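Participant: Place chain B on chain A using the hints.
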Amino acid sequence: MLYRETGQFKKTYAADMAVFPILQDRIGLAVILVVAAGFIPAFGSNFFLSSVMIPFLVFSLAAMGLNIITGYTGLISLGTGAFMGVGAYACYKLTTAFPGVNIVVWILVSGFFSAAIGAVFGLPSLRIKGFYLAVATLAAQFFLEWCFVRIPWLYNYAASGAIEVPTRTLLGIPVTGATATPTTRYLVILGLVVLLTWVASNILHGRIGRTFMAVRDMDIAAELMGIRLLPAKLMAFALSSFYCGVAGAVMMFLWYGGGEASDAFNINQSFNILFMVIIGGLGSLIGCFLGAALLNVVPIILKFGLPALGVPLGGATAEHINHLFVGGLIIFFLIVEPHGLARLWQIMKQKLRTWPFPY
Amino acid sequence: MDILFNVFVDPFLQMRAAPDLLVQTLWEGLVSGVLYALIALGFVLIFKASGVFNFAQGIMVVFAALTLVGFHEKGVPAWLAVALTLGVMALLAMAVERVVLRPLVNQPDIILFMATFGLTYVLIGLGEFIFGGEPKQMITEELFIPRGAIDVAVLGGRVTFQKIDIAAALIASLMIAGLALFFQYTRIGRALRAVADSHKAALSVGISLNQIWVIVWFAAGIVALITGIMWGARSDVSFALQVIALKALPVLILGGFTSIPGAIVGGLIIGLGEKLGEFYWGPLVGGGIENWVAYVIALAFLMVRPQGLFGDKIIERI
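For the protein sequence lines, the chains are A and B, in the order given.
One rule links them: number in the numbering used here = place in the first sequence (from 1) + 6.
One rule links them: number in the numbering used here = place in the second sequence (from 1) + 110.
There could be a bad hint or two in this list.
[Said to hold, decoys possible] Computed list of lysine to aspartate or glutamate pairs in DMTMM-like fashion (alpha-carbon distance at most 20 Å, straight line): (1) Lys16(A) - Asp31(A); (2) Lys355(A) - Asp31(A); (3) Lys135(A) - Glu426(B); (4) Lys246(B) - Asp346(B); (5) Lys246(B) - Glu183(B); (6) Lys357(A) - Glu343(A); (7) Lys135(A) - Glu244(B); (8) Lys355(A) - Asp22(A); (9) Lys309(A) - Glu238(B).
Simulated from the structure, these hints should not be mistaken for lab results.
The model shown is predicted, which means the values in this text are computed figures rather than measured ones.
For reference, chain A alone in the conformation it holds in the complex:
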């Protein structure tokens, strides 16, 4: 009864085509934003911020990147981890070469480096399709992973081979490095994620997004309708890699605070993000957030929640159960709803609209 669009009349075409046509949706979004920007940093503990919220936001961003290529354009990519790595290393090189420029600018700019690399590895997509392309993107994953280890220039010839994140400030407050508090880091990430989600939503609802979807549904038909496939596919690869690159830079600088890339950006990371996209829902922005939330929260609950309830779990056993559980969850969700959590969310909204008189 609360959630109903009765009486909300659309007077312009623009209002009818709005992303959130229902007033209650707009209110809900505003509430979520206020909670995320106000309540969570004010009342959340440091642990909650740095091990639940920050990973959740970073993975949402990466999932958004993958969703652009896999969900919207229909090209399966297994190189997400590597593209994230490109972003992280680009950001590191840029901020050590030009320390005067604001770190947030460099995080966004590093996305463009990742986009360029992504476009290069997207070139075969014109000729190769389906699973063949998925395996071809693995070439990018392994080649870039090899570069991260074997090219010492990338990590400034550090003996450890790891990225050491320097302290950088924004308006006088440290946002990266050891002195940055979880609250500041969280707020910076939140700002970036909100901005980039807004940009993505606008791109994907516009002409470019429709081009992507036409290519996804059938690329030959799209070509006959006058869509040039090569620019469209390369654009999808570049855009997707941009998001992944920014996610990687954010991950390295605002979450991990440094470390070896071979752990953070390996093939398992790519698969992990693919799970989020599939479970969240292919071709849906809200799905990225739902999938990231689910796959991010489950391991934490298993790790910290069960011992708190009195179920004794060693670290290794928790790991095994985690694997078992995540695997079972993936199969379960695929059987129950192959279109992911986003579809469940839609069904729920529809039920809510007609409640309590569904007929």
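Facilitator: Quick look at chain B alone, frame taken from chain A:
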């Protein structure tokens, strides 16, 4: 000019200067190629019959090998352990068909692909839960797999052939021949080929898809067990072995997802290319190129033939 010389001339001069090293490298490439072909075979079997890109093949290899070793550790004689492991793989095939494939019939390919990812995770968790995470020793003597090496004088040098590699190559060839005969001459084999051709047409002549899927997954399980024994004997049986699934992927795209000869030829090309590349060209860029050189070879072939060397021609209609 120096770079050009190092890339295009020097490796061949090295090959001429030490032909015995070349033979050794070729042999090693050949053996790893056969082993890659074995894993690729498991993929191809399932892809042909059900259109599922089975990412779980790698972990099935580990799971089969672990089960075998696990049974033997409990004091079961080797032959019985093999039989029991086959039983476990059959159970697994039935469970997969019942729980994963049947509810997901008619879903898009990517959904089924993801489901096998889920299966991978379940098998990893289950395997670690039952057998523990630490590496185990493969039972080689009990299975009559020879150890040791033979030195042969070739072209003025000595080349070492590991006996186990010879055995692996022999067993792999036998199994491939067996599978080919099975596909060609038995009733079930014919049914499998029919399903591979067209699900609908096969259903309409009275072939049970569910049964066929169980059989195919069981066959892939047998291949996985043999692969597991061979790989396990060369190193340890551990969960690290599952990355060989990633090694088999370039073989697959090179040979084509639907072709058994493709898997074999692809395996040999990748194995040889990988070892030659690593040995002669690897030092130029600092080594460790084994991980991606296979993908680059496969990609180069794909640019010319997008459906792989032996794959069915991709026909697209609107």
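Participant: Each hint needs a verdict: does it hold in this structure or not?
Facilitator: How the hints compare with the structure:
1. Taken as a hint, the lysine 16(A) and aspartate 31(A) pair is honoured in the structure, with Cα atoms around 15 Å apart against an allowance of 20 Å.
2. A distance of roughly 10 Å separates the Cα atoms of lysine 355(A) and aspartate 31(A); the hinted pair therefore holds under the 20 Å criterion.
3. Taken as a hint, the lysine 135(A) and glutamate 426(B) pair is honoured in the structure, with Cα atoms around 11 Å apart against an allowance of 20 Å.
4. Between lysine 246(B) and aspartate 346(B), the direct Cα distance comes to roughly 6 Å. Compliance with the 20 Å bound is thereby established for this hinted pair.
5. Restraint check: the Cα-Cα separation between lysine 246(B) and glutamate 183(B) comes to about 10 Å, which is no more than 20 Å; the hinted pair holds.
6. About 16 Å separates the Cα atoms of lysine 357(A) and glutamate 343(A), which keeps this hinted pair within 20 Å; it holds.
7. Straight-line distance between C-alpha atoms of lysine 135(A) and glutamate 244(B) comes to about 39 Å, which puts the hinted pair past the 20 Å bound.
8. Restraint check for lysine 355(A) and aspartate 22(A): satisfied, since their Cα atoms lie roughly 18 Å apart, inside the 20 Å limit.
9. Straight-line distance between C-alpha atoms of lysine 309(A) and glutamate 238(B) comes to about 17 Å, which keeps the hinted pair within the 20 Å bound.
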